[in-house]
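Please model the complete structure; the sequences and the hints are all you need to start from.
Listed in order, the protein sequences are those of chains A and B. If you're matching positions, the first sequence starts at 343 in the numbering used here and goes up one per residue. If you're matching positions, the second sequence starts at -15 in the numbering used here and goes up one per residue.
Hints in this document: simulated from the structure, not taken from any laboratory. As the structure is a prediction and not an experimental result, all values here were calculated from the model. Careful, some of the hints might be misleading.
Stated by the list, open to error - The calculated PhoX-like cross-link candidates involving lysine-lysine, where the alpha carbons are at most 25 Å apart (straight line), are:
1. LYS167(B) to LYS198(B)
2. LYS167(B) to LYS150(B)
3. LYS198(B) to LYS394(A)
4. LYS172(B) to LYS150(B)
5. LYS417(A) to LYS490(A)
6. LYS417(A) to LYS167(B)
7. LYS394(A) to LYS482(A)
8. LYS482(A) to LYS198(B)
9. LYS417(A) to LYS344(A)
10. LYS411(A) to LYS394(A)
11. LYS417(A) to LYS482(A)
12. LYS172(B) to LYS417(A)
Claimed, not checked - Heads up, incomplete: computed chain B residues facing chain A, CB under 7 Å, no partners named:
13. LEU117
14. VAL156
15. PRO158
16. LEU163
17. TRP166
18. ARG185
19. PRO199
20. ARG201
21. ILE205
Said to hold, decoys possible - Derived, one-sided and incomplete: chain B residues facing chain A with beta-carbon distance under 7 Å:
22. ILE104
23. PHE106
24. ALA120
25. GLU123
26. SER153
27. THR155
28. THR157
29. ASP171
30. SER175
31. TRP203
32. GLY204
Glycine residues also receive a C-beta, built at the ideal position from the N, C-alpha and C atoms.
The residues making up each chain are set out below.
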Amino acid sequence: MKGEHLPGADHVARLCPFAKLNEDSGEPGAAAFMLRTGEEYLSVNWLEYLGKPSRGEAIKELRLLYGKKFRVGAKAKIAVLNVGDFTSYVQSEVATALAVLHEPLEPNGGVADPSHSGVYNLPAEGDPFAIVVGKLLATKVLEAVSAK
Amino acid sequence: MDGGVSGSLWTRQRVASSVDRWRLASDLEPSHDPEFGWGSTLTAASIATETREKAHLECLWLPITLLAPMEAKVTSAFALRDDDPASFDQPAALTQASNTNTRDWRTHFSIDAIRRDARIAFRERLADCLEALQSAIREDDPAGAGVSPESIENLHAFLRRHSRLKRPSLTVTPAGDLLAEWKAGPDKDFSVHFLPTGMARFVVFAPDPAGGPKPVRIWGISSVVSLMRTVRPHGIHRWAMNEG
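Now the structure itself:
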């Protein structure tokens, strides 16, 4: 349901282009979790909503979806985070209450994205604090797998 | 005449704004600068002032290694006659292509300037990284803005000023600017977002001076020139710089 808070036990995935991956580790860096100018929330996908038997199956479905929606680079990755883990961590470290809400996207002439969700209350693009929160989120990535 | 580019690199190179015409790469002769060697300048400044409407383009110092690919770009995007004023009435698509290519050229020149800068010990690896980032962004979004050349020039100016700094890890922000990171642990983390304006947003994670378990986190904005002085009290120089 649109606007529903995702349960803390559930997981979200974020598409991270190569240019937002740490050069040495290959893991997503702070830039992967920063908003674009004018963006209200950070786009993610709710893995459990996809109803697959395993996380691997859910990620397979996301690869197909991203392939339809975006030009996915050969080195891009999908980062997986636990909702309760990263929201409580950011709250405890920098007293910022992030909210993760279901934001399903209708096809509107394109591709439907029913598991689409948003991370709200991130600092705006021009705020140096956005780098701090991005760094904290990057440390909470459970796994980062190929997006292709 | 520096078109908003900070630092001395671009302004010290020759710009002939009076040359009010298009030039094809094949028309140009490489030149040599005593400090920078064989080089090139594609000046954003040359798309300024009275020639802005004409998307005036000057290529004065083409590196030999870049001549071939650039010539191909010039031919496709700027196949206009030097002396034909009507040729400046470009279709919108061509204008957009011109802008993208102009920016890409400047990005390549900015990276090339780093690659040739003997003051930066890790110049080759840094330039390779920047090329890889630009290439990846182009793969994801061929019509997008790519890595900001002004941001690269700011990073370059910063590294020239602080040549003992270790090589940073680079990523690109959603706006196309560079985010450089020096990290030696959870409480030894220095990140700089190099803006196109000569300013930088910075973040420092440092050990708590009172010995607390959590790092102190500081963030702010500073000119690139004042940045290291601004963060020095937090001990960045002790772990982000090489001995010497």
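Now for the hints, and whether the structure bears them out:
Annotation: proposed proximity of LYS167(B) to LYS198(B) holds, straight-line Cα distance about 16 Å (limit 25 Å). With a C-alpha separation of about 10 Å, the suggested pair LYS167(B) and LYS150(B) falls inside the 25 Å cut-off, and the hint holds. With a CA separation close to 39 Å, the supplied pair LYS198(B) and LYS394(A) exceeds the 25 Å bound. Only pairs whose Cα atoms come within 25 Å are accepted, and LYS172(B) paired with LYS150(B) is accepted, the gap being roughly 14 Å.
Using a Cα cut-off of 25 Å, the hinted pair LYS417(A) and LYS490(A) holds, with the two alpha carbons roughly 8 Å apart. With a C-alpha separation of about 23 Å, the suggested pairing of LYS417(A) with LYS167(B) holds against the 25 Å cut-off. Between the alpha carbons of LYS394(A) and LYS482(A) the distance comes to roughly 23 Å, so the proposed pair stays at or under 25 Å and holds. Simply put, LYS482(A) and LYS198(B) have alpha-carbon atoms about 16 Å apart, close enough for the 25 Å limit, and the pair holds.
Of the pairs offered as hints, the one joining LYS417(A) and LYS344(A) is violated, with about 32 Å between alpha carbons and a cut-off of 25 Å exceeded. Among the hinted pairs, LYS411(A) with LYS394(A) is consistent with the structure: their alpha-carbon atoms are about 20 Å apart, no more than 25 Å. A distance of roughly 21 Å separates the Cα atoms of LYS417(A) and LYS482(A); the hinted pair therefore holds under the 25 Å criterion. For the proposed pair LYS172(B) and LYS417(A), the alpha carbon gap of about 28 Å is over 25 Å, so the pair is violated.
Interface restraint check for LEU117(B): the shortest CB-CB distance to chain A comes to about 5 Å, inside 7 Å, so the restraint holds. A cut of 7 Å between beta carbons decides the hint on VAL156(B): the least distance to chain A is about 4 Å, and the hint holds. At a threshold of 7 Å, the smallest CB-CB gap from PRO158(B) to chain A is about 4 Å, leaving the interface hint in force. Proximity of LEU163(B) to chain A holds as hinted, the smallest CB-CB distance being about 5 Å (cut-off 7 Å).
Taking 7 Å as the C-beta contact cut-off toward chain A, the hint placing TRP166(B) at the interface is violated, the least distance being around 12 Å. For ARG185(B), the shortest C-beta to C-beta distance to chain A is roughly 4 Å, which falls under 7 Å, so the interface hint holds. A cut of 7 Å between beta carbons decides the hint on PRO199(B): the least distance to chain A is about 9 Å, and the hint is violated. About 6 Å separates the beta-carbon of ARG201(B) from the nearest beta-carbon of chain A, less than 7 Å, and the hint is met.
For ILE205(B), the suggested interface contact is upheld, since its CB lies about 6 Å from the closest CB of chain A, less than 7 Å. The interface hint given for ILE104(B) is broken, as the beta carbon of that residue sits about 16 Å from the closest beta carbon of chain A, more than 7 Å. Checking PHE106(B) against chain A: minimum C-beta separation of about 12 Å lies over 7 Å; hint violated. With a cut of 7 Å, the hint placing ALA120(B) at the interface with chain A holds, because the nearest CB-to-CB distance is about 4 Å.
Hint status for GLU123(B): holds, given a least beta-carbon distance of 5 Å to chain A, under 7 Å. Proximity of SER153(B) to chain A holds as hinted, the smallest CB-CB distance being about 5 Å (cut-off 7 Å). Hint status for THR155(B): holds, given a least beta-carbon distance of 4 Å to chain A, under 7 Å. Below 7 Å, beta-carbon pairs count as interface contacts, and THR157(B) has one with chain A at about 5 Å; its hint therefore holds.
Proximity of ASP171(B) to chain A is violated relative to the hint, the smallest CB-CB distance being about 12 Å (cut-off 7 Å). This hint holds: SER175(B) has a C-beta 6 Å from the nearest C-beta of chain A, less than the 7 Å allowed. Proximity of TRP203(B) to chain A holds as hinted, the smallest CB-CB distance being about 4 Å (cut-off 7 Å). The restraint placing GLY204(B) at the interface with chain A holds, with a minimum CB-CB distance near 6 Å, inside the 7 Å limit.
In this structure, the hints that do not hold are numbers 3, 9, 12, 17, 19, 22, 23, 29, in rising order.
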